[in-house]
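Here the protein sequences line up with chains A and B, keeping their order.
Residues in the first sequence are numbered from 68 upward in steps of one, following the working numbering.
Residues in the second sequence are numbered from 8 upward in steps of one, following the working numbering.
Treat the hints as calculated values from the structure; they're not laboratory data.
Just so you know, not all the hints are guaranteed correct.
Computed footprint of chain B on chain A, listed as stretches where at least three residues anywhere in the stretch have a Cβ under 8 Å from a Cβ of chain B [unchecked claim]: (1) 151–163; (2) 646–653.
No more than 20 Å apart at the CA atoms, straight line, and that leaves these computed lysine to any residue pairs for SDA-like [as the list claims (entries may be wrong)]: (3) B:331 / A:109; (4) B:313 / B:279; (5) A:103 / B:82; (6) A:277 / B:359; (7) A:277 / B:338; (8) A:375 / A:687; (9) B:331 / A:687; (10) B:150 / A:75; (11) B:313 / A:107; (12) B:82 / B:435; (13) B:331 / A:565; (14) A:546 / A:517; (15) A:178 / A:93; (16) A:103 / B:435; (17) B:327 / A:114; (18) B:313 / A:93; (19) B:331 / A:291; (20) B:150 / B:195; (21) B:327 / A:107; (22) B:313 / A:565; (23) B:82 / B:449; (24) A:103 / B:150.
Think of the CB as a built atom: it goes at the ideal place given N, C-alpha and C, for glycine as much as any other residue.
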Amino acid sequence: MPAINQSRQNVIRLIIGISFAILIIRLLFLQLASSKYDLLAIDNAVSKKVIFPERGIVFDRRGKAILQNTQTYDLMILPTQLLGLDTLGICRILKIDMAEFKGRLISAIIKNGRYRPSIFESSLSIETFVQLQENIYRFEPGFFLQERPIRSYPYKAAAQVLGYVGEVDSTILKRTNYFYQIGDYMGLSGLERFYEPILMGQRGVRYQLKDNKNRIVGPYEQGRFDSIAIAGRNLRTYMDIDLQLLAERLLANKLGAIVAIEPKTGGILALASGPTFDPNQLTGHQRRNNFSWLLRDTARPLFNRAIKGQYPPGSTIKPIQALIALDEGVITPDFGFNCRGVYLGCRRPISCEEKFAGHAANLRLALAHSCNSYFSHIYRLALDNPRERNTVNGYLRWKRYMNSFGLGVKLGIDLPSEDRGYIPDTSFYNRTYNKSWSSCTNVFLGIGQGEMQVTPLQMANLMSIIANKGYYYTPHFVKSIDDAHVSDTILNRYKIRHSVTNIPDTIYNIVQMAMQDVVESGTARGARIEGIAIAGKTGTAENYGIIYGKREKLANHSWFVCFAPRVNPKIAVAVVVENAGFGATWAGPMASLIVEKYLKDTLSQARWTEVERIENKEIILPIVKAKRKALDSLRLKRIKKEQLKLQAFIPLSPFENKIPQGIILAFHLNALKPEHEEEFI
Amino acid sequence: MKKNSFEISKGVDWTLVLVYVILVITGIASIFASTYRDENILNGFLSLTTDYSRQSLYFLLSAILAVFILLTDSKFYTATANIFYVFGIILLILVFPFHTDVKGTKSIIRFSSFQLQPAELCKIFVNLALAKYLSSRDIALSKLKTMFIAGSLVLIPAILTIMQSETGLALVYFSFFLVMYREGLPSAFLSIAFSLAVLVVLTLLIDQNILAVGLTLLAGFVLFLFKRQISKRKSLFFVVFAIWAFSVGVQRFAVPYFFNHVLKPYQVQRIYSTVGKDFQVDTKTISEEDLKKVKEKKKAGNYNVKQSKIAIGSGGFFGKGLLKGTQTRYDFVPEQRTDFIFCTIGEGFGFMGSLLLLALYLFMIFRVIRIAERQRSSFSRCYAYGVASVLFFHVFINIGMTIGIVPVIGIPLPFMSYGGTAQITFTVLLFILIRLDADRQMILR
């Protein structure tokens, strides 16, 4: 027995002991030191399925749904079940070739794997859906149809107001701190965006266990962490959909905007921007394609001119200038100015439309005749108010007035990306005129020209202020939210009353009477309505544009602002039609139709003829028209090309005899396929 | 105790038996946990279609076999050791014409529904034969001849096993090196083997040239350190030089040659995967088919280890509980009833459970060593060391593989992994030891 080797048993024990210690240390790191494997395990075995609730419905003031949900169908593919299926048949129905089929199959497998269904074609057109539904038994279980809710706009109106939903992009993902996930849909503009938290409802989550092949095997932890989806809540708006439709009709073939507000509440009755589009274009399978065409349109239909269009207000600003002068106490209603058709107070003469003596003998007359001299003068009086010691302070005070009237600031309407317009700061004049400027330098601001820019919404709000004799509520669409709870603070700011002036009602009455005179006997006689006392003001705004790099004077913008009836006003309207000339020519009659429709709830036959006349009149700058035409012909060419491509498919179709020609044509029109397939979860 | 009646329980080490039973039952429970699919448990056990019921059946067979072993005479094993060895070798050779291809291995013989893997079984015979040889008179492991014979006894079955594409099982035979070490193999072998292992691992981890420079610097440092001794004895310089030349030769030429020409590319990939590296396949020397295989195996191998690590890592401190492990329950870990059975413990019972299991194995191995040292006969001692070495090798490699510190080598976890041959092999291996130990006062030759 080799006793010398006795000690070696301990060496062997040591080797074994160290080896086990290595195992234990490694286990310690693996199981205790990091939670990485925990997360990986959950990632491996638990699938989180987000359940999307139906979005809320938007109703108009009479309870008509103007934005609701409807069903569309996606064709789903289950790659493992494809064997032995008539894939060529599917290709024929979808009018794609085998290469395209393979491409989509591969991308589906990459996205979701072989064992889980993926979208093969989303938001099927009605014709394709009908064909597929009849024949789907032939393609099951590799293909099946899946229902999915999409948004629909039954009146095809108020596109820029209601907005649209779209897939979230990476910036939104980041900004919302990954509240949304890739593939989610959210409101991207309009009310859909602004009221997203209310309309979207509460997403439900279902955690499910999956096995190594990604097949669902059952609920995770008996559904302990699951939550059910809660449908989005409905919005009740002030909008009168009939009025909105009329406003959009009137703006047809024109660029411009109409805003109608209920002065007592600030509720918006109609807000139209021309040109507009059918919002249903931005749902369904042609969404991306339509969007790109809308984006390329020179007339910019996606641009909401009512809240983002910036125009010089022209004469429509005059009532406000009067109010400022009155509030400052630099004039009384009896103040008169001797105008003979030109204002010579400054170095440059300012011409006035009226020439007869005494047309500006007092405020009421001056406003009714829109006397440029009078308002230039009272603007200068306000700025050179001795109480303010110098013009700069006077201008600052005047600017503060403008801001409190809602000009040059965002009003805070319940739509995203409203613009503030522009009331220049003193720094602008200091910079431009090297600090030596007087009330003469910017005297044009007094008559709504010069650097001043306003939005149609701001003008409608000004009418509310005058109608209310000195206060306003921030214009907004939503009256109430269904099932409101205390945490809904989103509407609170629309319940705050903003008081603007300290002018007594009697003086307001004079301004109002003067504005009534404008319609009854002044510049806007064409806007008169039998039996309704409208108080309004026309405006003809000079404007410039840059065409091929050259600054050119363009045709004047046609403005009309009004409220009615004068006593106890129910509606305040602002209309602007770009490059349409005198305010009385187009904007006046349009506003008048809006007022009459709203107050009388109906229009006479003669008035409908008037609507038709306005609707058919095209007022678009020739250059814009030319560019639009070029784009249209390009689009037509594209459609024709697709048509030719499709004709090559048609003889192959097994349903050749069944499809009526009309359906084929309809399909051709929808033939521009989106580049990427969309995924809905 | 009655003197006249023969008692099988006399001298039996019940502690070892108890540990054995606990391990087997834990194994069955683990297989149950990873394969149970909400069926009727009673039916599942009775029908013998489920893995856990079959494993239970193998346990029953093993138990019967164990009782038989305890009933035999210890002298039987010394007497038949060489015959068994020859029988084992014949069995291994018979595999070549009669094997059935199962999952890429050529090591399985199938009789109707029964499968036999001689490579697994052969461990017992080799252990017996080696013990027999080392316990015979007039041998000393310091002699070259003894070394050669003992080495051949182990290497012949190992080579046969490699030829059956069961590299993992073949590597087990190298664990008998520990037995030889205990019985007097010069210590130099241990240090050389250890140094070589370190050198190979370093070759894997460090860039060739940097390692060569490092080795040269090390040699220079040693020369500098032993300046005085070397100036006295010039031959020492040549020793250092020879060691340096050998090391550089190994890392620059031997290892790359071994990897590129001896090992199969997928095996090299597995080794590289363990140290977290990619094997740069020499596309010139490798065939298209092999390249494809490397990629396939690499993917599968990485996937196995990754999933196994996720399963064990997600267990945390106390684990998720029996039948609650999501990774093992839903087949994320491949081969989880056989080679990756440890995942079930790691995920279900966490660090505590894993520690307990490791402690159990360590206790068993140390107990076997203790038993070895109390034997009067060196045959029993050698045999016991063989058992300890085989157990140690299996446990370390298997668990090390599941937690990613050892390349993926498909060998079972003793007593726990699913599989009849392995179960019976380990039971027989252990119970022969218990039988021998019961007669520890006898001197066996």
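Comparing the hints with the structure gives:
1. For the region 151–163 of chain A, the stated coverage by chain B is violated: 0 residues have a C-beta nearer than 8 Å to a C-beta of that chain, whereas at least 3 were required.
2. For the region 646–653 of chain A, the stated coverage by chain B is not satisfied: 0 residues place a CB nearer than 8 Å to a CB of that chain, which falls below the threshold of 3.
3. Taking the CA atoms of residue 331 (chain B) and residue 109 (chain A), the gap is about 13 Å. The hint holds against a cut of 20 Å.
4. Of the supplied pair hints, the one linking residue 313 (chain B) and residue 279 (chain B) holds, its CA atoms being roughly 14 Å apart against a limit of 20 Å.
5. Simply put, residue 103 (chain A) and residue 82 (chain B) have alpha-carbon atoms about 56 Å apart, too far for the 20 Å limit, and the pair is violated.
6. Pair hint residue 277 (chain A) plus residue 359 (chain B) does not hold up; C-alpha atoms about 27 Å apart against a cutoff of 20 Å.
7. Simply put, residue 277 (chain A) and residue 338 (chain B) have alpha-carbon atoms about 10 Å apart, close enough for the 20 Å limit, and the pair holds.
8. Between residue 375 (chain A) and residue 687 (chain A) the CA atoms are separated by roughly 19 Å; this keeps the pair inside 20 Å, and the hint holds.
9. Using a Cα cut-off of 20 Å, the hinted pair residue 331 (chain B) and residue 687 (chain A) is violated, with the two alpha carbons roughly 71 Å apart.
10. This hinted pair checks out: residue 150 (chain B) and residue 75 (chain A) have alpha carbons roughly 18 Å apart, not beyond 20 Å.
11. For a cut-off of 20 Å, the pair hint linking residue 313 (chain B) to residue 107 (chain A) stands: about 10 Å separates their Cα positions.
12. Restraint check for residue 82 (chain B) and residue 435 (chain B): the C-alpha separation of about 16 Å stays at or below 20 Å, so the hint holds.
13. The suggested pairing of residue 331 (chain B) with residue 565 (chain A) is violated, with an alpha-carbon distance near 63 Å, which exceeds 20 Å.
14. Of the supplied pair hints, the one linking residue 546 (chain A) and residue 517 (chain A) is violated, its CA atoms being roughly 37 Å apart against a limit of 20 Å.
15. A distance of roughly 36 Å separates the Cα atoms of residue 178 (chain A) and residue 93 (chain A); the hinted pair therefore is violated under the 20 Å criterion.
16. Annotation: proposed proximity of residue 103 (chain A) to residue 435 (chain B) is violated, straight-line Cα distance about 42 Å (limit 20 Å).
17. Straight-line distance between C-alpha atoms of residue 327 (chain B) and residue 114 (chain A) comes to about 18 Å, which keeps the hinted pair within the 20 Å bound.
18. Of the supplied pair hints, the one linking residue 313 (chain B) and residue 93 (chain A) holds, its CA atoms being roughly 15 Å apart against a limit of 20 Å.
19. Restraint check: the Cα-Cα separation between residue 331 (chain B) and residue 291 (chain A) comes to about 15 Å, which is no more than 20 Å; the hinted pair holds.
20. Distance restraint check for residue 150 (chain B) and residue 195 (chain B): the Cα-Cα separation of roughly 14 Å lies within the 20 Å cut-off, and the hinted pair is therefore satisfied.
21. At roughly 15 Å between alpha-carbon atoms, residue 327 (chain B) and residue 107 (chain A) fall within 20 Å of each other, so this suggested pair holds.
22. This hinted pair does not check out: residue 313 (chain B) and residue 565 (chain A) have alpha carbons roughly 65 Å apart, beyond 20 Å.
23. A distance of roughly 9 Å separates the Cα atoms of residue 82 (chain B) and residue 449 (chain B); the hinted pair therefore holds under the 20 Å criterion.
24. Our distance criterion of 20 Å between C-alpha atoms is broken by residue 103 (chain A) and residue 150 (chain B), whose separation comes to about 54 Å.
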